[in-house]
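2 protein chains.
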Amino acid sequence: MSEEVKNEEVLEEVEIVDETVEETPEKTELDLANERAEDFENKYLRAHAEMQNIQRRANEERQSLQRYRSQDLAKKVLPSLDNLERALQVEGLTEDVRKGIEMVQESLVQALKEEGVEEVPVENFDPNFHMAVQTLPADDDHPADSIAQVFQKGYKLHERLLRPAMVVVYN
Amino acid sequence: MSEEVKNEEVLEEVEIVDETVEETPEKTELDLANERAEDFENKYLRAHAEMQNIQRRANEERQSLQRYRSQDLAKKVLPSLDNLERALQVEGLTEDVRKGIEMVQESLVQALKEEGVEEVPVENFDPNFHMAVQTLPADDDHPADSIAQVFQKGYKLHERLLRPAMVVVYN
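Chains as they are written, first to last, in the working numbering: chain A, 2 to 172; chain B, 2 to 172.
Since the hints were made in silico from the structure, they are not lab data. Glycine included, every Cβ here is placed at the ideal spot set by N, Cα and C. Don't take every hint at face value.
[To be verified] A short, non-exhaustive set of chain B residues, derived as facing chain A with CB atoms under 10 angstroms:
1. L33
2. A38
3. K44
4. L46
5. E51
6. M52
7. D73
8. P80
9. L85
10. E120
Whenever a hint applies, use it, and build me the whole structure from the sequences.
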């Protein structure tokens, strides 16, 4: 707004000056100075806006990096957890060994949980979280999309899937 | 700011115009325009420099977050690794159980290694990486600062210590 007013003002002055001598160079200089001022004002405003954008994006990125920081290590730790769970299925473990394995398993689950990693729920088949490795015919007792068996647990980090659960599903 | 300048400008014009011929007001206006231009140029340059600083800091921070992203989960996984190692010391494990535990241990070590986590070396005592939980008198065969025994392994993430090694040291 202020810029527009300024320009009108300058135009009026210019019209009058044409008649006289000497003044034209100063007017031009003034025009140029005003243009320069306007130019830098625009540059400043753009730089300022860009600065705020950069700051906002950096904040968002930082938050996302923080939230998902454990993603890579968590993914790599999951097979160890699978193996511990498989070990617990083995017949004929002594009580000490079983207790030991359970302890390691629990502490690993706890470590993952504290970082936001949790098992994917397996109530009803959800293609976003489950991978059907086998299907069984649905019947009255087993409606379509109910899950018959979990071959391998799935995990997510907060709302982000780390790996799907491998399931047998009725359909 | 720009509004204030405008007001001053107007006032000056009114005062001066009465006395003289037409040049002074233009000069003043030019001066003000030049000042305004200079002012915005400075603001622009500062904003630009600040923008680069913000960008640089955001980059540094992003790199650091990336580099140490696994720190928290890694720290929490270490006790599981300790327990697996302790389990392997137990007498009378069947060959299958031993193999199973070793497999889990190795996959956990590998997962940590891929994320930059490694054991702290234990050649000579270094207070930056070791915690002396016990000392033994040094002698000809065991010079001061050599390590007699490692109670618990230490780990670092890149160059950053996750936890010190617990050692017995000669001194």
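Now the hints, each set against the structure:
no., hint, verdict
1, L33, "holds, 9 angstroms"
2, A38, "holds, 4 angstroms"
3, K44, "holds, 5 angstroms"
4, L46, "holds, 9 angstroms"
5, E51, "holds, 6 angstroms"
6, M52, "holds, 4 angstroms"
7, D73, "holds, 6 angstroms"
8, P80, "holds, 6 angstroms"
9, L85, "holds, 6 angstroms"
10, E120, "violated, 16 angstroms"
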